[in-house]
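Chains as they are written, first to last, in my numbering: chain A, 1 to 211; chain B, 1 to 211; chain C, 1 to 261.
Hints listed in this document are in silico derivations from the structure and should not be mistaken for laboratory results. The structure presented is a predicted model; accordingly, all values stated were derived computationally and were not measured. Don't take every hint at face value.
Calculated lysine-lysine pairs in the PhoX-like style (CA-CA distance at most 20 angstroms, straight line) [claimed, not checked]:
id, chain 1, residue 1, chain 2, residue 2
1, C, 93, B, 167
2, B, 167, A, 104
3, B, 185, B, 154
4, A, 140, A, 159
5, B, 159, A, 176
6, A, 176, A, 164
7, C, 115, B, 176
8, B, 54, B, 119
9, A, 185, B, 154
10, B, 146, B, 176
11, B, 154, A, 176
12, C, 93, B, 185
13, A, 119, C, 93
14, A, 81, B, 146
15, B, 97, B, 119
16, A, 185, C, 93
17, B, 140, A, 185
18, B, 164, C, 115
19, B, 164, A, 176
20, A, 167, A, 104
21, A, 104, B, 146
Derived coverage of chain C by chain B (criterion: at least 3 residues anywhere in the stretch with Cβ under 8 angstroms from a Cβ of chain B; other residues may be distant) [stated by the list, open to error]:
id, region
22, 15-22
23, 100-107
24, 119-125
25, 193-201
26, 240-254
Each residue gets a CB set at the ideal place from its N, CA and C atoms; glycine is no exception.
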Amino acid sequence: MEELDLSQLGEERPSGGDEAQLKAILEAIIYVTDEPLSAQQIAAALGHPIDKIKRILDELVAEYARPEHGLTVREVAGGYKMATKAEHHEAVRAFVKKLTPPLKLSLAALETLAVIAYKQPVTAPEIMEIRGVQGASVLKTLLERKLIAESGRKNVVGKPILYKTTKEFLVQFGLKDLSELPTLKEFEELGRMEVVEPDPPPETKAASEHG
Amino acid sequence: MEELDLSQLGEERPSGGDEAQLKAILEAIIYVTDEPLSAQQIAAALGHPIDKIKRILDELVAEYARPEHGLTVREVAGGYKMATKAEHHEAVRAFVKKLTPPLKLSLAALETLAVIAYKQPVTAPEIMEIRGVQGASVLKTLLERKLIAESGRKNVVGKPILYKTTKEFLVQFGLKDLSELPTLKEFEELGRMEVVEPDPPPETKAASEHG
Amino acid sequence: MTAPLNFHLEHYDGPLDLLLDLIRKQEINIYDIPIAQITAQYLEYMQRALEMDVELSAEFIYMAATLIHIKSKMLLPRDPELDKLLPEEDPRKELVDRLLEHERFKSAAEMLHQKRVIEEAVWSNPQIEQFLAEDNNPGLAVTLFDLVKTFQVVLERTKSRPIYEIDKEDVSVPDMIRYLRNVFENESRSETISARGLFERQRSRRAMICLFLAVLEMVKLQAIGLVQNDSFGEIGLKRLKGFESAFGSEQTMTVIDEGYH
Numbered sequence: 001m002e003e004l005d006l007s008q009l010g011e012e013r014p015s016g017g018d019e020a021q022l023k024a025i026l027e028a029i030i031y032v033t034d035e036p037l038s039a040q041q042i043a044a045a046l047g048h049p050i051d052k053i054k055r056i057l058d059e060l061v062a063e064y065a066r067p068e069h070g071l072t073v074r075e076v077a078g079g080y081k082m083a084t085k086a087e088h089h090e091a092v093r094a095f096v097k098k099l100t101p102p103l104k105l106s107l108a109a110l111e112t113l114a115v116i117a118y119k120q121p122v123t124a125p126e127i128m129e130i131r132g133v134q135g136a137s138v139l140k141t142l143l144e145r146k147l148i149a150e151s152g153r154k155n156v157v158g159k160p161i162l163y164k165t166t167k168e169f170l171v172q173f174g175l176k177d178l179s180e181l182p183t184l185k186e187f188e189e190l191g192r193m194e195v196v197e198p199d200p201p202p203e204t205k206a207a208s209e210h211g
Numbered sequence: 001m002e003e004l005d006l007s008q009l010g011e012e013r014p015s016g017g018d019e020a021q022l023k024a025i026l027e028a029i030i031y032v033t034d035e036p037l038s039a040q041q042i043a044a045a046l047g048h049p050i051d052k053i054k055r056i057l058d059e060l061v062a063e064y065a066r067p068e069h070g071l072t073v074r075e076v077a078g079g080y081k082m083a084t085k086a087e088h089h090e091a092v093r094a095f096v097k098k099l100t101p102p103l104k105l106s107l108a109a110l111e112t113l114a115v116i117a118y119k120q121p122v123t124a125p126e127i128m129e130i131r132g133v134q135g136a137s138v139l140k141t142l143l144e145r146k147l148i149a150e151s152g153r154k155n156v157v158g159k160p161i162l163y164k165t166t167k168e169f170l171v172q173f174g175l176k177d178l179s180e181l182p183t184l185k186e187f188e189e190l191g192r193m194e195v196v197e198p199d200p201p202p203e204t205k206a207a208s209e210h211g
Numbered sequence: 001m002t003a004p005l006n007f008h009l010e011h012y013d014g015p016l017d018l019l020l021d022l023i024r025k026q027e028i029n030i031y032d033i034p035i036a037q038i039t040a041q042y043l044e045y046m047q048r049a050l051e052m053d054v055e056l057s058a059e060f061i062y063m064a065a066t067l068i069h070i071k072s073k074m075l076l077p078r079d080p081e082l083d084k085l086l087p088e089e090d091p092r093k094e095l096v097d098r099l100l101e102h103e104r105f106k107s108a109a110e111m112l113h114q115k116r117v118i119e120e121a122v123w124s125n126p127q128i129e130q131f132l133a134e135d136n137n138p139g140l141a142v143t144l145f146d147l148v149k150t151f152q153v154v155l156e157r158t159k160s161r162p163i164y165e166i167d168k169e170d171v172s173v174p175d176m177i178r179y180l181r182n183v184f185e186n187e188s189r190s191e192t193i194s195a196r197g198l199f200e201r202q203r204s205r206r207a208m209i210c211l212f213l214a215v216l217e218m219v220k221l222q223a224i225g226l227v228q229n230d231s232f233g234e235i236g237l238k239r240l241k242g243f244e245s246a247f248g249s250e251q252t253m254t255v256i257d258e259g260y261h
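Could you build the full structure based on these sequences and the hints that come with them?
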């Protein structure tokens, strides 16, 4: 396939007259970089006189300083950097806190959940046996998230608790019922595992269990 | 960290200053977050009516669309997101450091993705039928990159897994929603136009087929 | 007939791709495909692929059969009277429909590619990290696919479980006694359990030593016995009558726990 010619998207060489264009480019550059960029660095990279760059940067600083902007272009450490205005930090922080977090699971939790999903009902020792990992279980996390529930006790000495997945589990993974879980055979048919990511050495895994 | 009472942030006090304040906060929020945020999410978290939030967001979109801005507030995957404008990519590229992880897809993967995008939910055998190729290994790539996801099973013999595109697909391809995709009919018309009718070379005349 | 194209032998992603390319490159009207010509070219491609040891999948051969079938159908003379009553469908129609459908999706793929090119020229620089609370530890946002894949990985790991030293504090003799108790409880009463099997399942030297001591403890308690059917044969562990009285209450374990503390 051919590369799309992006010059069609309306880029013109920033000429002396086209200050709006240059200002736009400066805005984009300051947004994109994490480290403060000095006027000199920018001027050198874009091939424009430093005075001109400095003047336009100052315009940007002044514009973003207006109260209707929540962002600011600041001069820090001899360079320019975009950031949120300090007076809105609490509002932003509160907002971020309220964002419904996606279902996040540690690798250990995901492994445990996978074992329960496919082997249910199953006891904690059995899960550990399958996972080949000893140490603190993540069952509590999964119970708290209502992804698994207790399902009676196994009729062996010690009567260990059996675990199964819940309705919430089905909802979270978009399953109508458990029979919709892909079988391992189906998974393998999706193409041989090309061992994409090398398995972390077992020591690290065991260590992270305890951590 | 104390929870800030967001209702202090200018609600129900219909003065221009408050609206400017709210706009500033919206700008800061969109700048900060990595997932596209829907107007509804923002309205719910800030405790403002959605109409008001939507109006101010549209103002932000319009303002950043002006050519003197190098940034844009885009509607992607049902939400709003800040990014640089594509037309400045050459100037910006020099300053970018590992911001967008590359997403390189093979032609086979793109075709499979196209079939899923248009026919979803769709099963692996149906995809293969359209593409005229066996082998589902690209499905694994697409699943791994979270561009597609399982979507239940089709109620036919064998209960094959159905696939659909994800929100990540919309984000990666810069789509507001699926309805933004051109219809398949549009492609058909494109194809028809390309058929440079008469004048087939003599030996290809249909008559020679039968003779 | 000589092929008008320079075939890129490995280029085609399936027979539909090859056919479309033959048709479009020669500017053939897709609604009136000269089937004999295309079939010949198609077969020539397959021949060349064969010569160059390019592996062609089954669907290339199936398509060759389809083309020959269509060709033969078109050669059959048709009864003009019957045609009036029961107009026969063009034998090429089904193939043409598939080709057109395939082509539409090729165009769609091209469109997606162009959208990606634009997205690759767009950068976003979220700064959410600065606003995340410290207790908001990042985890994995997971899908069903992740779940299956994880299970697969767990099973793979079970197969090739390596021996490694785990934390010294992790295994003790009482642990191993409990482990053995569980093993026997899950087996039928008369079953002999292979000692070698039990030891092979251990993942550290310490675990093996603890298991060995645990076996001795349980033999001492007369909960289990050792059996060997022939002089150099496998050693097996067998549950004895004393098993119940030894483990019927928690008392035995309490004593052992204290003894090894």
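Original post:
Would the pair residue 97/B and residue 119/B pass a check requiring their Cα atoms to be no farther apart than 20 angstroms?
Top reply: At roughly 37 angstroms apart (the allowed maximum being 20 angstroms), residue 119/B and residue 97/B break the hint.
**OP:** With a cut-off of 20 angstroms on the C-alpha distance, tell me whether residue 159/B and residue 176/A pass.
**Re:** 13 angstroms, holds
Original post:
Between residue 140/B and residue 185/A, is the straight-line Cα distance small enough, at 20 angstroms or below?
Top reply: Holds, at roughly 14 angstroms.
**OP:** Confirm or reject the coverage of the region 100-107 of chain C by chain B under the rule of 3 or more residues with a beta carbon closer than 8 angstroms to the chain's beta carbons.
**Re:** Three-residue rule met by the region 100-107 of chain C, so holds; n is 8.
Subject >> Pair hint residue 119/A and residue 93/C, alpha-carbon separation not exceeding 20 angstroms >> reply: Outside the cut-off at roughly 50 angstroms; violated.
Original post:
Is the straight-line distance between the alpha-carbon of residue 81/A and that of residue 146/B 20 angstroms or less?
Top reply: 33 angstroms, violated
**OP:** Could you grab the alpha-carbon distance between residue 164/B and residue 176/A and see if it respects the 20 angstroms cut-off?
**Re:** Judged against 20 angstroms, a Cα distance of about 15 angstroms means the pair holds.
Original post:
According to a criterion of three or more residues whose C-beta lies within less than 8 angstroms of a C-beta of chain B, is the region 119-125 of chain C covered?
Top reply: holds (count 7)
Original post:
Holds or violated: are the alpha carbons of residue 167/A and residue 104/A at most 20 angstroms from each other?
Top reply: 18 angstroms, holds
Original post:
Given as covered by chain B, does the region 15-22 of chain C meet the bar of three residues or more with CB within less than 8 angstroms?
Top reply: Satisfied; 3 residues make the cut.
Original post:
residue 140/A and residue 159/A: Cα distance at most 20 angstroms?
Top reply: 19 angstroms, holds
Subject >> Pair hint residue 185/A and residue 93/C, alpha-carbon separation not exceeding 20 angstroms >> reply: 37 angstroms, violated
The structure shown violates the earlier hints numbered 1, 3, 8, 13, 14, 15, 16, 25 and 26.
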